[in-house]
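Visitor: Sequence:
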Amino acid sequence: MLKKLYEWTLAKAAHPHAERWLSGISFMESSFFPIPPDVVLAPMCLSRPEKALRYAFICTVASVLGALLGYAIGYFLFEALGQPILEFYGAMDKFDTFRAEFIKYGWIIVLLAGFTPLPFKVITIAAGSVAMPLHILIFAAIIARSARFFLVAVLLKYFGPPMKKWIDENFALATTLGGVLFVGGFAAVKFLF
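Using my numbering, the letters of the sequence shown correspond one by one to residues 31 to 223.
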């Protein structure tokens with residue numbers, strides 16, 4: 031089923047209303063949808079490199095708005111919708127332990143999850159379930175999601191098909207390393223100053 035959903039999502043990159051699909055998929059992925067918007071973003075950037083930054087912007091805005099829906103699910107509908115979504119992603123078993131860490135380090139977790147392949151919807155639902163201050167979620171989501179989507183767009187705009195192949199083969203590694211460097215930079219600045 032997931033493979034068919036992936037193929038369906040990928041096909042939207044060539045749709046006449048691809049920008050709308052990119053926006054919708056980015057929105058849904060931040061709250062419940064399992065396929066990341068990169069599946070649509072990458073082919074769109076390759077086919078129209080002059081619009082790559084526009085596509086990254088659309089992805090970012092829609093993803094942050096979708097994070098608000100994820101937050102609302104966690105805040106208002108955790109038992110009815112949040113728990114089933116977390117169970118689908120296999121995150122409910124360790125959620126109580128995660129919740130305690132989330133209360134303590136929530137903004138860092140949002141930054142990492144927004145940039146890496148971690149399911150962002152799990153994080154946005156968790157943020158709502160612990161009533162994380164909304165402005166912190168929004169700020170961290172803007173930074174993380176724009177960093178992720180603009181990085182993909184810029185790399186594909188300037189380096190094209192060879193970069194897409196490398197990203198496809200090493201996506202988890204590349205985004206995880208980028209996330210570690212990103213957070214490490216904040217830690218270094220805090221330590222040095």
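For the record, the hints were derived by calculation from the structure and aren't laboratory data.
Certain hints may be false.
Simulated pairs of lysine-lysine, DSBU-like, Cα-Cα distance not exceeding 35 Å [unchecked claim]: (1) 81 to 34; (2) 34 to 134; (3) 134 to 42; (4) 42 to 81; (5) 187 to 34; (6) 187 to 42; (7) 187 to 81; (8) 195 to 81; (9) 124 to 134; (10) 42 to 195.
Visitor: Each hint should be assessed against the structure and marked as holding or not.
Guide: Right, here's what the structure says about each hint:
no.	hint	in the structure
1	81 to 34	holds, 28 Å
2	34 to 134	violated, 38 Å
3	134 to 42	violated, 39 Å
4	42 to 81	holds, 16 Å
5	187 to 34	holds, 28 Å
6	187 to 42	holds, 19 Å
7	187 to 81	holds, 8 Å
8	195 to 81	holds, 20 Å
9	124 to 134	holds, 16 Å
10	42 to 195	holds, 19 Å
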